[in-house]
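Build out the structure end to end from the sequences listed, making use of the hints.
Sequences listed follow chains A, B and C, in order.
The first sequence begins at 2 in the working numbering and counts up by one.
The second sequence begins at 2 in the working numbering and counts up by one.
The third sequence begins at 2 in the working numbering and counts up by one.
By construction, these hints were calculated from the structure, which means they are not laboratory data.
Glycine is no exception: its CB is placed at the ideal position from the N, C-alpha and C atoms.
There's no promise every hint is true.
[Stated by the list, open to error] In silico DSBU-like links for lysine-lysine, alpha-carbon gap of 35 Å or less:
no. : chain 1 : residue 1 : chain 2 : residue 2
1   : C       : Lys51     : C       : Lys95
2   : B       : Lys11     : C       : Lys80
3   : B       : Lys80     : A       : Lys51
4   : C       : Lys51     : A       : Lys76
5   : C       : Lys51     : A       : Lys95
6   : A       : Lys11     : A       : Lys95
7   : A       : Lys80     : B       : Lys95
8   : B       : Lys51     : A       : Lys51
9   : B       : Lys11     : B       : Lys88
10  : C       : Lys88     : C       : Lys76
11  : C       : Lys95     : A       : Lys95
12  : B       : Lys80     : A       : Lys11
13  : B       : Lys11     : A       : Lys11
14  : B       : Lys95     : A       : Lys76
15  : A       : Lys95     : B       : Lys80
16  : C       : Lys95     : B       : Lys51
17  : B       : Lys95     : C       : Lys95
18  : B       : Lys95     : C       : Lys80
19  : A       : Lys51     : B       : Lys95
20  : B       : Lys11     : B       : Lys51
[Said to hold, decoys possible] Which stretches of chain B does chain C cover? Using the computed rule of at least three CB atoms under 8 Å from a CB of chain C, they are:
no. : stretch
21  : 30-44
22  : 47-60
23  : 74-80
24  : 87-93
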Amino acid sequence: MPHIIVRGIKAEQMCEISTALVDELAAICDCGTDNFMIECLQTTSVFAGKIVETYPFIEVAWFERGLETRDLFAKALAKHVLSLGVKEVEIAFKTYREDSYYVNGERCFDV
Amino acid sequence: MPHIIVRGIKAEQMCEISTALVDELAAICDCGTDNFMIECLQTTSVFAGKIVETYPFIEVAWFERGLETRDLFAKALAKHVLSLGVKEVEIAFKTYREDSYYVNGERCFDV
Amino acid sequence: MPHIIVRGIKAEQMCEISTALVDELAAICDCGTDNFMIECLQTTSVFAGKIVETYPFIEVAWFERGLETRDLFAKALAKHVLSLGVKEVEIAFKTYREDSYYVNGERCFDV
Chain A
2 MPHIIVRGIK AEQMCEISTA LVDELAAICD CGTDNFMIEC LQTTSVFAGK
52 IVETYPFIEV AWFERGLETR DLFAKALAKH VLSLGVKEVE IAFKTYREDS
102 YYVNGERCFD V
Chain B
2 MPHIIVRGIK AEQMCEISTA LVDELAAICD CGTDNFMIEC LQTTSVFAGK
52 IVETYPFIEV AWFERGLETR DLFAKALAKH VLSLGVKEVE IAFKTYREDS
102 YYVNGERCFD V
Chain C
2 MPHIIVRGIK AEQMCEISTA LVDELAAICD CGTDNFMIEC LQTTSVFAGK
52 IVETYPFIEV AWFERGLETR DLFAKALAKH VLSLGVKEVE IAFKTYREDS
102 YYVNGERCFD V
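If you want it as structure tokens, here you go:
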């Protein structure tokens, strides 16, 4: 965590920015870079009767870290993505509950 | 938004219904048709030791619009999907928080 | 429901454990085995400028069943996955609201 789930941007493009992006996000989150996953999801988009290019959209799955960190995270993520020449990107955060997250079957956090 | 994430139904099938579907959903949500994304996700389903066809399932990601709109949205979406000859479809809504949604790094909504 | 959405583990591997896994999970949830979906999602993961193997991660989408059931579910799921020789697996639960779930356009639960 955080997981950065990417639609509409190629994995090869994400490779270009991944090191600098994760360094910056790790500093914002005050955690190690190896906590991050960037995963590109292949989807087939449909609009007005035709298959179209997928709109650049990123869902960040993480534990809630508050507004200030979220704003900084979104700004940094968008900055790196837009630097690729992507015209627009939308980002939504979804939160996992800390008492609903397990490593090797063991709950990570007490309730 | 809304994002209509489809599993177990082919993109080509979604193409057939996409225009009438999005017109109807835009009327229900009182927003423009260009706010909608329909994206088909390829998954490989497993049951009882074998790879099987994926069950038709749609996750709608949106901002909460209340029960009445949600009921109408689900009914319209199911009607169009079932018109394709799909036998059954389940639909779940997940909500993004408005203070957790960003366009080009800028938060869309004040908190 | 529950939906078991798998990243970083092959469908062929999930086939090997699927019958015993679903039998055990159905007993924990006190529901029929045909309520379960196991779906493998293909993602392309990026780290440090390169495409890398996807980390084994499972998202369980279900209705909230409480801590005790969740702990047992995660433990059983991890046990079966680790029996495949997978070294580590993380599991997160996400809940659908019962008033936001529809079968063939009909809401499943009263509000």
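These are the hints, each one checked on the structure:
Of the pairs offered as hints, the one joining Lys51 (chain C) and Lys95 (chain C) holds, with about 30 Å between alpha carbons and a cut-off of 35 Å not exceeded. Among the hinted pairs, Lys11 (chain B) with Lys80 (chain C) is consistent with the structure: their alpha-carbon atoms are about 34 Å apart, no more than 35 Å. Taking the CA atoms of Lys80 (chain B) and Lys51 (chain A), the gap is near 20 Å; set against the 35 Å cutoff, the hint holds. For the suggested pair Lys51 (chain C) and Lys76 (chain A), the alpha carbons sit about 23 Å apart, so the restraint of at most 35 Å is met.
With a CA separation close to 26 Å, the supplied pair Lys51 (chain C) and Lys95 (chain A) stays within the 35 Å bound. Taking the CA atoms of Lys11 (chain A) and Lys95 (chain A), the gap is near 22 Å; set against the 35 Å cutoff, the hint holds. Proximity of Lys80 (chain A) to Lys95 (chain B) is assessed by CA-CA distance (about 27 Å); at most 35 Å being required, the pair is judged to hold. Proposed proximity of Lys51 (chain B) and Lys51 (chain A) is supported: the alpha carbons are some 33 Å apart, at most 35 Å.
Among the hinted pairs, Lys11 (chain B) with Lys88 (chain B) is consistent with the structure: their alpha-carbon atoms are about 14 Å apart, no more than 35 Å. Of the supplied pair hints, the one linking Lys88 (chain C) and Lys76 (chain C) holds, its CA atoms being roughly 15 Å apart against a limit of 35 Å. Taking the CA atoms of Lys95 (chain C) and Lys95 (chain A), the gap is about 10 Å. The hint holds against a cut of 35 Å. Annotation: proposed proximity of Lys80 (chain B) to Lys11 (chain A) holds, straight-line Cα distance about 34 Å (limit 35 Å).
Distance hint between Lys11 (chain B) and Lys11 (chain A) is fulfilled; the C-alpha atoms sit about 22 Å from each other, no more than 35 Å. Between Lys95 (chain B) and Lys76 (chain A) the CA atoms are separated by roughly 24 Å; this keeps the pair inside 35 Å, and the hint holds. The hinted pair formed by Lys95 (chain A) and Lys80 (chain B) meets the criterion: a straight-line CA distance of about 29 Å does not exceed 35 Å. For the proposed pair Lys95 (chain C) and Lys51 (chain B), the alpha carbon gap of about 26 Å is at most 35 Å, so the pair holds.
This hinted pair checks out: Lys95 (chain B) and Lys95 (chain C) have alpha carbons roughly 10 Å apart, not beyond 35 Å. With a CA separation close to 29 Å, the supplied pair Lys95 (chain B) and Lys80 (chain C) stays within the 35 Å bound. Simply put, Lys51 (chain A) and Lys95 (chain B) have alpha-carbon atoms about 26 Å apart, close enough for the 35 Å limit, and the pair holds. With a C-alpha separation of about 21 Å, the suggested pair Lys11 (chain B) and Lys51 (chain B) falls inside the 35 Å cut-off, and the hint holds.
With a cut-off of 8 Å between beta carbons, the stretch 30-44 of chain B has 3 residues touching chain C; three or more are needed, and the interface restraint holds. Coverage of the stretch 47-60 of chain B by chain C holds in this model, with 9 residues showing a Cβ closer than 8 Å to a Cβ of that chain against a need of three. As drawn, the stretch 74-80 of chain B meets chain C at 6 residues by the rule of a beta-carbon pair under 8 Å; at three or more, the given contact holds. Beta-carbon proximity to chain C at under 8 Å applies to 5 residues in the stretch 87-93 of chain B; the threshold of 3 is reached and the given coverage holds.
In the structure shown, no violation is registered for any of the earlier numbered hints.
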